[in-house]
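Novice: From first to last, the protein sequence lines are chains A and B. According to the numbering used here, the residues represented by the first sequence are 110 to 400, in order. According to the numbering used here, the residues represented by the second sequence are 2 to 790, in order.
Any given hint might turn out to be false.
[Claimed, not checked] Over the 10 Å line for every Cβ pair with chain B, so calculated as not near, a few chain A residues:
| id | residue |
| --- | --- |
| 1 | 158 |
| 2 | 256 |
| 3 | 282 |
| 4 | 301 |
| 5 | 352 |
| 6 | 365 |
| 7 | 379 |
[Claimed, not checked] To give an idea of the chain A side of the interface with chain B (calculated C-beta under 10 Å), a few residues:
| id | residue |
| --- | --- |
| 8 | 120 |
| 9 | 124 |
| 10 | 295 |
| 11 | 297 |
| 12 | 370 |
| 13 | 380 |
[Said to hold, decoys possible] Derived BS3-like pairs: lysine-lysine, alpha-carbon spacing no greater than 25 Å straight-line:
| id | chain 1 | residue 1 | chain 2 | residue 2 |
| --- | --- | --- | --- | --- |
| 14 | B | 24 | B | 246 |
| 15 | B | 499 | B | 485 |
| 16 | A | 298 | B | 533 |
| 17 | B | 24 | B | 657 |
| 18 | B | 458 | A | 298 |
| 19 | B | 533 | B | 24 |
What the hints contain is simulated information worked out from the structure, not anything from laboratory work. We treat Cβ as the ideally placed atom computed from N, Cα and C, and that holds for glycine.
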Amino acid sequence: MYPPAFDYAVPRSLDEALDLLAEVGDEGRVLAGGQSLIPMMKLRLAAPAHLVDINEISELSYIREVNGHLAIGALTRHADVVRSEIVGAGCSTMASAAPWVADPLVRNRGTVCGSVAHCDPEGDWNSVMLALGAEVVARSRTGERVIPISDFVVDFFTNALEPGEMVTELRVPRDDERSGGCYLKLERKIGDYATVGVAAHLRLDERGRIGRAGLALTSVAPVNLEVEEAERMMAGQEPSEELFAEAAEIAARTCQPQSDVRGPAEYKRAVVRAYTRRALHQALATARGER
Amino acid sequence: MTTTHQPTTPFDMGGIGHSVRRKEDDRFIQGAGRYLDDIQLPGMLHMAILRSPIAHGRILSIDASEAEAMDGVVAVVTGEMLAAHDLAWMPTLSGDTQAVLATDKVRYQGQEVAAVIATDPYIARDAVSAIFVDYEELPAITSPQQALEEGAVLIRDEKEGQTDNVAYTWEAGDREATDEAFAKADLVVTLDTHYPRSHPAPLETCGVVADVDPATGEATIYLTSQAPHAHRTLFAIVAGLPEEKIRIISPDIGGGFGNKVPIYPGYVVATAASLLIGKPVKWVESRSENLISTGFARDFHMHGELALTADGKILGLRASILSDQGAFYADAQPTRFRAGLFHICTGSYDFGAAHVAAKGAFTNKAPGGVAYRCSFRVTEASYLIERLVQNAAYELGMDPAEFRMKNFIRPEQFPYLSPTGFVYDSGDYHTALRKAMEMIDYEGWRRRQREPHPEGKLIGIGIASFTEVVGAGNSRTYDIAGLKMIDSAELRIHPTGKAILKLGVKSQGQGHETTFAQIVAEELGIPFSDVKVQEGDTDNTPYGLGTYASRSTPVAGAATAVVARQIREKARRLAAHLLEASPDDLEWEPGRFFVKGVPDKGVTIQEIAFAAYTDFPEDMEAGLEGVHYYDPPNMTYPFGSYIVVVEVDPEDGTWKVLDMVAVDDCGVRINPMIVEGQITGGLTEGFAKANMQWITFDENGNCIGSNFLDYLVPTAWETPRFRLGETVTPSPHHPIGAKGVGESATVGSPAAYVNAVIDALWSKGVRNIDMPVLPHRVWGALNGVEVAP
C-alpha cells in the first residue's frame, strides 16, 4: 500500500518540533507511534502534507510520579505502560487496560498520548482517562495548556488541540490506598477494536462508602462515553450488588451502540450491562485491597 | 491400521518416516526467500488498478485524461482498449467468461475498471485517483436467494441466452432410492446452515511481473502461481501467444491455499501491457485488493436431511445447496463437477441412498469459489454431514460418539462404494474415534458437563469424524479446463551420486523440497540432503496440474516413487555389471545393491551413479535418469476424528476451547513433523472459520471484510492448544501408501468446534448457529433474539 506524497521532518528537540508545527499549521500531523496514522495514510484515508516525526525526542518518553499523579510523556509506548512498575503500583485501571490495547506489535510502537489525541471512540485509553479524570498537557510555540480529558475529547476523531499544538504529557491521578479500578474489554481477537469496553474506577472514603466513582465506555457511542449519571448516582453510596446493578442499568440505557459486524445494538447493551457490573465489582475488590 | 510407520532408512538418509528439518527453511529463516515482489528487472514499470466503488452499475464514461497527463504515467489501460485486442473478457476455470477490465457494467465492488502503468508504484496509485468514471447505479444483489427472486435484475445481461441469475444446476446420487429411504424413516432430522464466504488470505498477496521481450516475442511471466504449467497453457489460449514462447516462473510463494490457482484480470492486463509497451510490468495486489477481488471460498447455503431408524441407523441423506457464485462462475474445480466434490457429503457413514441437488446463483460479489485449503467443496460437504450427524444423535437421545460408531463404514467394507459414486480406498474410522475419545477423556468431560458450573458457564463437547477425498485425478474422471489431472516427476542422478528432482507441482510452504527428497531417499538410498527439488519454472520442469486440493503427495509423490523405482531397476543392471553378477542375484538395501548371501560384495548407489557416466556396459544407454507421468488409479481418502471441548459464557456469548484432540489418518507419513505442521495450521484455520472469520456485505453490496481489521485471522494468542494423535491406514493403491493431508484439518475441524458450542446449548433449545459462531450470535440464540447478520 502506497500513501500519497508528503513532507517529512525529524526534529531533535521539543522546541524544534513546536516550531515546525507552528510553520505547517493545519497541514501538519505529529508522527509518534504511527499505528493509526500510517495505516490511514496507506489506505489514503488521511493525506497530511507534512509529518513531524517526534521519535528522536527521547526526553518525551517517560512515566513519572509527580505530586500525586502519574505523568506520561508523548513518546511513551503502550508496551512501556504494560511493563511499568510505577503504573503497576500507582494506577490499577491503567495497568488493567494496557495489555488489552491492540496487540503486542502495535503496543511496541504505538503511544498512549497518540491514542488519546486520536479520539477514536473505539480506542481504549480515553475510557480509562475519563474514568480516572485525567488531564492532557498540550504545548505550542506560544505556551502550555492543561486540559481536562472530558474537555479534550470533543467529538468523533476530534480533540481540543489548536493548529500548532501537540500533546506532550498525560497526567493521571494516582491510586491511594482506598481506590482501584479496572478495564474490561470484549474483542473478537487480539488487536481488534473493542466490541464493548468498560473502564471503572472507585475511590472509597474512610467508612468504605464510594467517595468518587468513574465509569466510561468504549465503542458504544460517537465518543468514549463517561456515564456521569451513574457516577453521580454511586457517589456517597454504600457499594452493593444492587447499587452496581443499577449503575449497570444506567450505563446500558445511556450508551448509544450501533448495530454492525460486532453485533446488534441490543447485544452491545447487554454486554455493557454485564461488564459494567463485573468491572465495578472488580474495582471495589481492588479498592478494598482484596485483589 | 497401525499406530505409526517405522522408518526403514537411517535418520541421516532421511527416508520415509523421519522428521528431518526442512531444507527450504535455511533461506526462509534468513530472510533470503525470493518472492514475487523481490523481483526487480531493468526498466520495469509498475501497474495499479482502478476498481469499482459500487457493486452494480453501468459505465457511462471513463475520463483518464488527467491521469494520462501526469509525470511518470506511461499508459492508462481501459476495457475498451483491451476489447480492440479481443482481451476484454477471458474464460474462467468453470467454463464461464469473466471481464478482464469492465466495458459495459461493473458487477461487484472491487471489479477491475482500468489500469495505470507508471514508472513507480506511487505514481501509479496517484494516477488511479485521477481517473474519473461515471456510473449509472443499478440495484445490487447481495444474496443468492435475492438473485433467484422473480424480477431480479439480470446481472449477466451480456451473456447470450442468459435470462436469469442461475449460474449452474447440478445433481448427484439417486433421487428415487433416496425418496424410498426417507419413506421408510422413523425420524427425519434436518439442518439449514450457511457456510459463510471466506478467503484464503495468504500472507503474500497475488502478483505478476510480465516481461515480454519485444525482439523475440518471448514472454517470461513471473507469477504467484500454484499451477504454473496449467497457467502457461491457459495463457497461450487466452492471450493467443504460442506456448513455446511463454515461460511461467513461480518463485517462492508465501502461501496459496487455493487463492493462487485462478488467473486474475491483473495478470492478463500486466502481460498485455508489457507486450504493447515492450518493458517489464509488475503488479502486486494490496491486501484489500486481495480480499475484495480475488478467489473467495465457500458461501454455500445448505439444507440437509437425514433419514433415521428409531434404533439409530442412518438410511439416507438428502442435501440441497444454493451457492453464491458472485458475478462470474469461476470455481476452480474439475470440469465434470459443478459443485466440486460436494457429493462426498455421505462422509464416514454407511447407508444406502443419497441425493444432492445444487444450484448456483450470480450475485453482485467478487467471483471465485476457490478450494480454500480444500479438495473442491469437500469442506462444505464434511461440515454438513458432521453437523447433521451430531444433531441426529441428540434427536434420537443417543450419545453422538455412540451414534457415529453405530453408523461408520466398517474396516472390512473397504474398498467402499459410496451412494454418490466414490470408491473409498481404505479406512478404520472406529479406531480413530476411539483413540480421540481416550486422548481427551470423553467420558470424564461428559461427567463434568453435567456438574453445575460455579460461574454459570456451559460446557460443550463436539466431535467431527470426517472423510476427505483428495489427490485428483484419475484422468478418466478429472480434468480442469480439459487438462487431465495427472502429475509428473523427472529425476536425474548426477555422476557424484547427487540428484535433481523436477516436479510439475509447486510448493507454497508445504515443504516439497524436503518431502519429495525424502521419497527419493527412501527409494534410492540417496540422502535427502543430496536431492535438489526444483519446481515452478515451466521451461525446466515436466508438465503438471499443480499444487492444490491435497494432490501433490498423492499424485506427484507417487510419480516420484515410480520414477525412482525405475531408476533403481537400471541401477540394478549397472550394479550387476560392476559386480559381474546377474541382476537377479542382487539384493537391495537402502543405498546399496549386494550379492545375495555375500553382503560384503556390493556397490553403493553413489558408485553406481558414477558408473552410469564412466563405466557402463556397451549395450546400455548412458546416464541415470527418468521421467514419469502418474495417473492415479483412484483418489485417496484421508480421515480423522476431532474432539473439542468448549466453555460458553452465556452472559456475553463468548466461548473458549478448553481442550482439543485431533487424530488424523493420512496413511503413511513421509515427514511426520511436516504433517503435524500441516494439521496444526489447518486446525487453526478451522478455528478461524468457526470463531471469527467471514466476508460479508451490506445491502448495497459494499464488502465488509476488506482488510485484516474486518477479516480476522487468529494469532497465537487466541488459537487453542491442539493435541495431535494418529493412526496409519495406508492407501492400498498409492506406491508408498500415502494420502494427502494438507487440508484434512481445515475440512474436518469447523464442524467439531460448532458441534461443541451446540452441544453446550442444546438443552437450551439451540439447534444451529451459523459460522462464524460470534459471541453476539451465541447470545442471540440463547436469548431468542434475531441477530442478522
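Novice: Residue 365(A): least C-beta distance to chain B exceeds 10 Å?
Specialist: Correct as stated: the minimum Cβ-Cβ distance to chain B is 17 Å, above 10 Å.
Novice: Against chain B, with CB atoms and a cut of 10 Å, does the hint on residue 120(A) hold up?
Specialist: Violated - the Cβ of residue 120(A) stays beyond 10 Å from chain B, reaching only about 25 Å at its closest.
Novice: Are all C-beta atoms of chain B more than 10 Å from that of residue 352(A)?
Specialist: Its Cβ never comes within 10 Å of chain B, the nearest being 19 Å, so this holds.
Novice: Are the Cα positions of residue 499(B) and residue 485(B) separated by 25 Å at most?
Specialist: Not satisfied, since the Cα-Cα distance of roughly 32 Å exceeds 25 Å.
Novice: For residue 282(A), which was marked as not at the interface, is the minimum beta-carbon distance to chain B over 10 Å?
Specialist: Non-interface label on residue 282(A) holds, nearest chain B Cβ at 30 Å vs cutoff 10 Å.
Novice: Regarding the assertion that residue 256(A) does not contact chain B, is the least Cβ-Cβ distance greater than 10 Å?
Specialist: 30 Å, holds
Novice: Determine whether the non-interface label on residue 158(A) survives the test: each CB of chain B must be over 10 Å from its CB.
Specialist: 14 Å, holds
Novice: Non-interface claim for residue 379(A): all C-beta distances to chain B beyond 10 Å?
Specialist: At about 7 Å from chain B, residue 379(A) fails to clear the 10 Å cut-off, so the statement is violated.
Novice: Tell me if residue 295(A) is really an interface residue toward chain B, meaning its C-beta lies closer than 10 Å to one of theirs.
Specialist: Result: holds, 6 Å to nearest chain B Cβ.
Novice: Would the hint on residue 297(A) stand, with a C-beta cut-off of 10 Å toward chain B?
Specialist: Interface hint status for residue 297(A): holds (5 Å vs cutoff 10 Å).
Novice: Does residue 533(B) pair with residue 24(B) here, judged by a C-alpha cut-off of 25 Å?
Specialist: 9 Å, holds
Novice: Please work out if residue 298(A) and residue 533(B) have their alpha carbons no farther apart than 25 Å.
Specialist: 41 Å, violated
Checked against the numbered hints given earlier, this structure breaks hints 4, 7, 8, 9, 14, 15, 16, 17; the rest are met.
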